[in-house]
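Peer 1: Construct the complete structure from the given sequences, taking the supplied hints into account.
Top line first, the protein sequences correspond to chains A and B.
The first sequence begins at 1 in this note's numbering and counts up one residue at a time.
The second sequence begins at 1 in this note's numbering and counts up one residue at a time.
Fair warning: there could be bad hints in the mix.
As the list claims (entries may be wrong) - These stretches of chain B come out as covered by chain A in the derived footprint (C-beta under 8 Å, 3 or more residues):
{"hint": "1", "region": "43-54"}
{"hint": "2", "region": "130-143"}
As the list claims (entries may be wrong) - Pair ranges (Cβ atoms, derived):
{"hint": "3", "chain 1": "A", "residue 1": "V223", "chain 2": "B", "residue 2": "A59", "range": "51 to 57 Å"}
{"hint": "4", "chain 1": "A", "residue 1": "S149", "chain 2": "B", "residue 2": "V125", "range": "35 to 41 Å"}
{"hint": "5", "chain 1": "B", "residue 1": "A123", "chain 2": "A", "residue 2": "A181", "range": "36 to 42 Å"}
As the list claims (entries may be wrong) - Interface residues of chain B toward chain A, partial, derived using beta-carbon atoms under 8 Å:
{"hint": "6", "residue": "T21"}
{"hint": "7", "residue": "V22"}
{"hint": "8", "residue": "R25"}
{"hint": "9", "residue": "P26"}
{"hint": "10", "residue": "A29"}
{"hint": "11", "residue": "P34"}
{"hint": "12", "residue": "P66"}
{"hint": "13", "residue": "M82"}
{"hint": "14", "residue": "A85"}
{"hint": "15", "residue": "G87"}
{"hint": "16", "residue": "D102"}
{"hint": "17", "residue": "L114"}
{"hint": "18", "residue": "L117"}
{"hint": "19", "residue": "G149"}
{"hint": "20", "residue": "E152"}
Rather than coming from a laboratory, the hints here were simulated on the basis of the structure.
Every residue, glycine too, gets a C-beta built ideally from N, C-alpha and C.
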Amino acid sequence: MRVATALLALCLTAAPAALGAAQADPIGEAEAAFEEGRHEDAERLYRAALESGRLAPPGLARVHLRLAELAALGSTGAADRHARFALALDPSLALPETLAIDARPTRAARVVLEISGDDAPIGVRVADAPDGLVRVLEVRGAGFERTLSWDGEAREVDPPAEARPIEVRALDAHGNLVAQAGRAAPPPEPEPEPGPTPEATAGEDTPAIESPWFWVGVGLVVVGVAVAIALSATGTRYLLDAPGIR
Amino acid sequence: MRAALLLTLLLAGCATEETLTVELRPPRAADGGPALPIEAERVEVRLVRKELGECPTAAEAAASAPSGTLAHVQSFPIAEGMGRAIGETPSGRWALSALVRDASCGVLLYGCTLTRLEDAGGAIVVELEPVSIPETCGCRECDGAGACGPEERVCE
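Peer 2: What follows is the structure in structure tokens.
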């Protein structure tokens, strides 16, 4: 236990102090600033969240809606453009009166795949997205990856049969996820090893909760979740400094 | 349960942070210092996710043509010598390009470096070379002082 405590202290000392800040919710901070009427702070935080490239609907729709509201209040930016982006991401969003737009979309922006055969090229297009919302299409399959620019015209990809099925993600200019379709094949699962089964040791009449295998499974799940959570916070984060002429 | 909690705390505490400097290196003058064209007004820096492919050409970068996923772009006056921090960037392969523009947004110097952040070794260096590209901002507008706006717009 002493060793574990010492390791914990060592790791926490070496860890960046910014760990908490990095995990802060940027939209939450922006929302708080907006609610408190600190509009300049709110706009800066919303733009930072947008430029982070880590948003996806519905958060991305929320950010565009707020930027539209701020623009309508006299801030920089195009209120109409942000409002159209917000509605394209989430047509159910309620717009304030200051943001009335002519045509409200009925369907959200989405990626459409047109697959005619196992070996035929796959048509890829984005439907119901206003101009400028989607900039890039990322196509991924098993060992296959393509990045296509999106200019409003349907594109085709021709992944080899072993790379199918594919997943296509539509991204905006900052890399935020607008929509996705398809699904890349999961990695092959290892063959299960032969061994005693829970049924073999637990009597047929024994409730599952009384079986030792049940609790072994619960324990494995708990440890697995703990490791997954922990690993998501480990590794190296890269901070790019200000570019300077040297 | 205790072991799982302890393991979580141990691993979570072991996250590390690496700061990478970004150096833009123009041609050298006789005294070894940076030799910038007298017409140079601003530097535009563009960071693009590039898991595949090569750096954009000077013309592509100047016109903000689609090339990978644009993650960050900024422009700062030559006179200031330094821009603002780019900030936290996910690991992976990136193209960092820089354009030195004159007041009419013509490109005088250009450089681009493809780097995988895990292998960057503390610094990303972009060597700038003379080019001659007349006024171009793509679909963006030149403000007459060497900046194309809106900065983040990608031109189809």
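Peer 1: All the hints need checking, so say for each whether the structure fits it.
Peer 2: Hints versus structure:
1. 43-54: Our answer is that it holds, as 7 residues pass the Cβ test (under 8 Å) against chain A, meeting three.
2. 130-143: The restraint on the region 130-143 of chain B is violated, since only 0 of its residues have a Cβ under 8 Å from chain A and three are required.
3. A:V223 <-> B:A59: 51 to 57 Å: Hint holds: Cβ distance 54 Å, inside 51 to 57 Å.
4. A:S149 <-> B:V125: 35 to 41 Å: violated, 28 Å
5. B:A123 <-> A:A181: 36 to 42 Å: holds, 40 Å
6. T21: Result: holds, 5 Å to nearest chain A Cβ.
7. V22: holds, 4 Å
8. R25: Status holds, d = 6 Å.
9. P26: Since chain A brings a Cβ to about 7 Å from P26 (chain B), closer than 8 Å, the hint holds.
10. A29: violated, 13 Å
11. P34: At 6 Å from the nearest chain A Cβ, P34 (chain B) passes the 8 Å test, so the hint holds.
12. P66: With Cβ-Cβ at 3 Å, under 8 Å, it holds.
13. M82: Holds, about 4 Å.
14. A85: A85 (chain B) check passes; min Cβ-Cβ to chain A is 5 Å, inside 8 Å.
15. G87: holds, 6 Å
16. D102: violated, 16 Å
17. L114: At 14 Å from the nearest chain A Cβ, L114 (chain B) fails the 8 Å test, so the hint is violated.
18. L117: Holds - the Cβ of L117 (chain B) comes within 8 Å of chain A, reaching about 5 Å at its closest.
19. G149: violated, 10 Å
20. E152: Hint on E152 (chain B): holds, closest Cβ of chain A at ~6 Å, below 8 Å.
Going down the numbered hints, you'll see the structure goes against 2, 4, 10, 16, 17, 19, while the others check out.
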